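*Asks:* Single-letter residue listing:
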Amino acid sequence: MAFDGEPVLSGVDLMVARGEVVVLLGPSGCGKSTLLRAVAGLEQPLAGRVLWDGEDLTDMPTHQRGFGLVFQDHALFGHRDVAGNVAFGLRVAGLAAEARAHRVARSLALVGLEGFEGRRVDTLSGGEAQRVALARSLAAAPRLLMLDEPLGSLDRSLRERLTAELGVLLRRLGLAALHVTHDHDEAFALADRIAVLGAGRIDRIGTPDEVWDDPGTVHAARCLGHENLVGLDDAGRCALGRLGSGPGIVLLRSDSLSVGAPGEGVSAVVAATSRRSGRMVAHVLVGDLEVRVPVDESIHGVRVGDSVGLVMGRDAVVPLSS
Amino acid sequence: MIPFRKAFAAVAVVVPAAFLGIFFLYPVGSILVRGLGADGLNRLVELPGRSSFRGVAWFTLWQAVASTVLTVAVALPGAHLLARRRFRGRSLLRAAATVPFVLPTVVVGGAFLALFERLGLNDGPLRLTRTAGAILAAHVFFNVAVVLRTVGTFWEGLDPRVVEQARVLGASPAQAFRWVTWPRLWPAVAAASSIVFLFCFTSFGVVLVLGGPTRATLETEVWRHAVFRGDLASATALALVQLAAVVAMVVVTNRLQRRRAVAQRVVRRVPPLRASGRLLAANLALLGVVLGLPIAVLVERSLIRGRSGGGWGVFTLDHYGALADRLSLLPVSALGALRNSLVFAVVAAGLAVVVGGLASVVVVHGRRTVARAFDLGMMLPLGASAVTVGFGMLIALSEPPLDFRSSRWLVPVAHALIGVPFVMRVVVPTLRGIDVRLREAAATLGATPARVRREIDLPIAARALAVGAGFSFAVSLGEFGATSFLPRHPDRLTAPLALFRLLSQPGDALRGQAMALAVVLMLVTALSVLAIEGWGRRGTVRGDL
Numbered sequence: 001m002a003f004d005g006e007p008v009l010s011g012v013d014l015m016v017a018r019g020e021v022v023v024l025l026g027p028s029g030c031g032k033s034t035l036l037r038a039v040a041g042l043e044q045p046l047a048g049r050v051l052w053d054g055e056d057l058t059d060m061p062t063h064q065r066g067f068g069l070v071f072q073d074h075a076l077f078g079h080r081d082v083a084g085n086v087a088f089g090l091r092v093a094g095l096a097a098e099a100r101a102h103r104v105a106r107s108l109a110l111v112g113l114e115g116f117e118g119r120r121v122d123t124l125s126g127g128e129a130q131r132v133a134l135a136r137s138l139a140a141a142p143r144l145l146m147l148d149e150p151l152g153s154l155d156r157s158l159r160e161r162l163t164a165e166l167g168v169l170l171r172r173l174g175l176a177a178l179h180v181t182h183d184h185d186e187a188f189a190l191a192d193r194i195a196v197l198g199a200g201r202i203d204r205i206g207t208p209d210e211v212w213d214d215p216g217t218v219h220a221a222r223c224l225g226h227e228n229l230v231g232l233d234d235a236g237r238c239a240l241g242r243l244g245s246g247p248g249i250v251l252l253r254s255d256s257l258s259v260g261a262p263g264e265g266v267s268a269v270v271a272a273t274s275r276r277s278g279r280m281v282a283h284v285l286v287g288d289l290e291v292r293v294p295v296d297e298s299i300h301g302v303r304v305g306d307s308v309g310l311v312m313g314r315d316a317v318v319p320l321s322s
Numbered sequence: 001m002i003p004f005r006k007a008f009a010a011v012a013v014v015v016p017a018a019f020l021g022i023f024f025l026y027p028v029g030s031i032l033v034r035g036l037g038a039d040g041l042n043r044l045v046e047l048p049g050r051s052s053f054r055g056v057a058w059f060t061l062w063q064a065v066a067s068t069v070l071t072v073a074v075a076l077p078g079a080h081l082l083a084r085r086r087f088r089g090r091s092l093l094r095a096a097a098t099v100p101f102v103l104p105t106v107v108v109g110g111a112f113l114a115l116f117e118r119l120g121l122n123d124g125p126l127r128l129t130r131t132a133g134a135i136l137a138a139h140v141f142f143n144v145a146v147v148l149r150t151v152g153t154f155w156e157g158l159d160p161r162v163v164e165q166a167r168v169l170g171a172s173p174a175q176a177f178r179w180v181t182w183p184r185l186w187p188a189v190a191a192a193s194s195i196v197f198l199f200c201f202t203s204f205g206v207v208l209v210l211g212g213p214t215r216a217t218l219e220t221e222v223w224r225h226a227v228f229r230g231d232l233a234s235a236t237a238l239a240l241v242q243l244a245a246v247v248a249m250v251v252v253t254n255r256l257q258r259r260r261a262v263a264q265r266v267v268r269r270v271p272p273l274r275a276s277g278r279l280l281a282a283n284l285a286l287l288g289v290v291l292g293l294p295i296a297v298l299v300e301r302s303l304i305r306g307r308s309g310g311g312w313g314v315f316t317l318d319h320y321g322a323l324a325d326r327l328s329l330l331p332v333s334a335l336g337a338l339r340n341s342l343v344f345a346v347v348a349a350g351l352a353v354v355v356g357g358l359a360s361v362v363v364v365h366g367r368r369t370v371a372r373a374f375d376l377g378m379m380l381p382l383g384a385s386a387v388t389v390g391f392g393m394l395i396a397l398s399e400p401p402l403d404f405r406s407s408r409w410l411v412p413v414a415h416a417l418i419g420v421p422f423v424m425r426v427v428v429p430t431l432r433g434i435d436v437r438l439r440e441a442a443a444t445l446g447a448t449p450a451r452v453r454r455e456i457d458l459p460i461a462a463r464a465l466a467v468g469a470g471f472s473f474a475v476s477l478g479e480f481g482a483t484s485f486l487p488r489h490p491d492r493l494t495a496p497l498a499l500f501r502l503l504s505q506p507g508d509a510l511r512g513q514a515m516a517l518a519v520v521l522m523l524v525t526a527l528s529v530l531a532i533e534g535w536g537r538r539g540t541v542r543g544d545l
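From first to last, the protein sequence lines are chains A and U.
In terms of this note's numbering, the first sequence opens at residue 1 and continues consecutively.
In terms of this note's numbering, the second sequence opens at residue 1 and continues consecutively.
These are computed hints drawn from the structure, not numbers from a lab.
Mixed in with the good hints, there may be bad ones.
Listed next, the stretches of chain A that the computed footprint assigns to chain U, with coverage defined by at least 3 CB atoms under 8 Å from CB atoms of chain U [as the list claims (entries may be wrong)]: (1) 53-65; (2) 274-282.
Partner residues are not named here, just some residues of chain A that face chain U (Cβ under 8 Å, in silico) [to be verified]: (3) 40; (4) 42; (5) 71; (6) 78; (7) 256.
Label-pair ranges, simulated between beta-carbon atoms [as the list claims (entries may be wrong)]: (8) 164(A) <-> 454(U): 49 to 59 Å; (9) 177(U) <-> 122(A): 19 to 29 Å; (10) 17(A) <-> 432(U): 48 to 58 Å.
This one's a predicted model, so the numbers in the text were calculated from it and none came from an experiment.
Every residue gets a Cβ at the ideal spot worked out from N, C-alpha and C, and that includes glycine.
Bound-form chain A, shown alone (with noise of 0.2 Å):
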């Protein structure tokens, strides 16, 4: 895949079974979205195949494929209501008019957008509108479903109550998946199994789980959410002792890491508090190395400049490469 003669995917090895959600995980500008319009036939590799089922879809026009792609800002007809929008694949494979109206009823029953087949589309709020698109693409019943940030466009908490009615749709739906996202939460809430592209292929692929707990990586590591990537010298040591046999970047596991009385652990100071999804993280320092660690405050709270002791785990260290 290239654009321009600058190659923006390499060795991209990828299978989707059906039923399953994969989630493309990644900045923005690593091709991901590149990749769909590959899939979907938007753009021709320059080397590579695109098979289902072991048919090679690669010379296959677009519209012979029987994929659908959700893009980010949705791409509906401004021309068309919204029934006009979901029928549009229906009526392209020939579907008389009544069950097209049938399709399409259920199609916007499946996205919570009842009675809404009259409505133009400019009339519709970021949220519907992307409703809209999804059902229009579900209504032409897809073999593969590719969204394409489909949510990137929408407001936090929007995004995800989206996101929740998106995975529990897909997982009715029981479709091969291919969703694109930058967000890691996104990702999580998803994905059957999280492929992390980096600069044009694939770093990292796993379930959640397994990426999660082995990022491989350091770019992986990122894309992921994980925070604490600790630089170690020649001697594989850092503030916080002998980490590794040599120099590198390791992963410390948040969710192995915890907050202990002075003496527990490898003592620190907090620096700083914040909260995420109202769970409170504190930022300590042990010598100039900032660390982040999740506090349980059912067990005790901590403040700004206190002592404590910073307990890791036994899998707390990952190895990453870089």
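Chain A is fixed; fit chain U onto it per the hints.
*Replies:* Chain U alone, transformed into the frame defined by chain A:
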């Protein structure tokens, strides 16, 4: 909005208003008064009874319709190519396709004469010279750029993902075009078509050169009656019919334009697709034949002597050398005419910038009713045909109280009337497009209102003014219709007029000289437009013609 000094505001309103009033509204009013007076009305009423009139009116109409349909058919694939595909030389093609539009009409007429002679179509069973076919071909040549640019720009602004979405949902490329692209695109196509139709309906130079006496439109008939026969009464009646038709069309065009403006929304994030070799080749071949061939033949003909006996002829630069010679046919040499044209063009551009610049300030910052009136009023001379401008001046400004017959500056004034709309089409959107926050930022940094205007508005507007001046300059260089009505004096002979007279004479040497003059005129015009355009695009100049 920051208030202007009262004195400046007054000048900004009065100068353009007076200019338009004296040189356009008063002449048009004179046509109306004469044409609708008792004597004139009689003429008008008996017009439909004359079979010659019916023939002319019918031909004017159908050639305009046919030209428009052909133009759209030729230009739409190219518009798709420019809007949706990536290929090397895309911007070059875009610029090159624009060139025909700015070429002087007489030059284009000459190019097609040369083309028909070269292809042996000037005589015999396949004769194209002096047929409707010649006029249609030249109209397509001219107006492809209009469709390419207006439709192409609009097409580019349509979100490509909507079409991709249709493709993913199972629509073939043809279905996606019919059901998704076309419903969104047609307002732009309709708007472009209506403009092309208007141009073809009021086409003058092309019809005069290529149509000959047998193929006349309303426009050329007005000229023939007024200038050739001195029958001002008939000319007035015909001009009235023409004026009414044009006004009706402008109203329709404006409606369509407004529709287009509503639909326009610019989205450009997904890179366009790479063009396939075949698509590119087919398109380039079509545009090359339609746009490139006439120009190529024109240049070739200007460099050849002695072909009339058949064969290839002999290469020569004599025709260019002869441009400096005096001919009995012309009161000054061709070079002298070119010099006149250049002087007039500079004066016209200057006038257009002053008047158009002031009018733009009024349109953007003035009171609403005044702004509206200026926006519409200053555009009138462009919408009205060359005949209306030229003929109106002929009958209104050559007798007291306003007798400008003896003034050679009537020519650049007429040209400036047509140039002002071009200046405003560039300056108004640029002024409007200046980000308010720039002004606010300057103000919070302590700049006085006058300082803000000097530091923010003026530098941005200056570039737009220069672009507008360039277009006015090019328009003036090629202007033929209005000029051909103005009283003739040796010191007012412009290059297009000289070229027209050369073209109407037979003979190998004269024809060669005509082609040489056409090439020079074409080069000066095209270079001025391309230079201005390339320079303007680099800045923040907005707007399009």
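*Asks:* Each hint needs a verdict: does it hold in this structure or not?
*Replies:* Here is how each hint holds up against the structure:
1. 53-65: Our answer is that it holds, as 5 residues pass the Cβ test (under 8 Å) against chain U, meeting three.
2. 274-282: violated (count 0)
3. 40: Holds: closest Cβ of chain U sits about 5 Å from residue 40(A), inside 8 Å.
4. 42: Where the cut-off is 8 Å and the nearest Cβ of chain U is about 5 Å from residue 42(A), the hint holds.
5. 71: Holds. Min distance 5 Å.
6. 78: Status holds, d = 7 Å.
7. 256: violated (41 Å)
8. 164(A) <-> 454(U): 49 to 59 Å: holds (57 Å)
9. 177(U) <-> 122(A): 19 to 29 Å: This hint holds: roughly 23 Å between Cβ atoms.
10. 17(A) <-> 432(U): 48 to 58 Å: Given about 55 Å between the Cβ atoms, the range holds.
Violation of the numbered hints given earlier is confined to hints 2, 7; the remaining hints are satisfied by the structure.
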